[in-house]
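Engineer: I would like the entire structure built from these sequences, with the hints used as guidance.
Residue numbers (my numbering): 35 to 180.
Treat the hints with caution; some may be incorrect.
The calculated BS3-like cross-link candidates involving lysine-lysine, where the alpha carbons are at most 30 Å apart (straight line), are [stated by the list, open to error]:
no.: 1; residue 1: 88; residue 2: 78
no.: 2; residue 1: 70; residue 2: 84
no.: 3; residue 1: 70; residue 2: 85
no.: 4; residue 1: 88; residue 2: 70
Simulated from the structure, these hints should not be mistaken for lab results.
Fair warning: this is a prediction, and the values are worked out from it, not measured in the lab.
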Amino acid sequence: MLAHELCRLGCRAIESPHHVFVDCPVFQTFRDEAAKEILRVTEKALESAKKDLKEFPGLQAAAASFLIDCNITWPLTITQFYLGHIPPLERYIHRASFSSTLMRDRVMRNIHSAWHVAAVRLTGRIYGDFLRRISIKGPFAAGTRR
Numbered sequence: 035m036l037a038h039e040l041c042r043l044g045c046r047a048i049e050s051p052h053h054v055f056v057d058c059p060v061f062q063t064f065r066d067e068a069a070k071e072i073l074r075v076t077e078k079a080l081e082s083a084k085k086d087l088k089e090f091p092g093l094q095a096a097a098a099s100f101l102i103d104c105n106i107t108w109p110l111t112i113t114q115f116y117l118g119h120i121p122p123l124e125r126y127i128h129r130a131s132f133s134s135t136l137m138r139d140r141v142m143r144n145i146h147s148a149w150h151v152a153a154v155r156l157t158g159r160i161y162g163d164f165l166r167r168i169s170i171k172g173p174f175a176a177g178t179r180r
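Structural biologist: In structure tokens form, the structure reads like this:
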């Protein structure tokens, strides 16, 4: 690993978009806050249909692992939230759980939209903070690039 490839925020990892948005410990607080928000909006979407998140353990696990690499939630095993992608939700929200297909589809759209918005907001927040930090420190932040 060459010094100029390391994360400019001082991590001992190669700087890549995936590292910055998913793994960089500098932004873990942002990811934790977004994970709580994702669970909250998922519960709210289900409550609108008079359902409880506990009735959907797969969806609850997917919401909890949305921002991390996970071979269950993400088909390619790596999270892609920072690209605006949402994992398939159909396998977690079964038709039989709802009185009508219309209600199920509405709940799925609400959850999908809420997750997408949360992902876009988190991505923007991390990217903005990343740019601010490297502009303050300069291109050779934390002495990792020379």
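Engineer: What are the numbers of the hints the structure violates, in ascending order?
Structural biologist: Structure breaks no hint.
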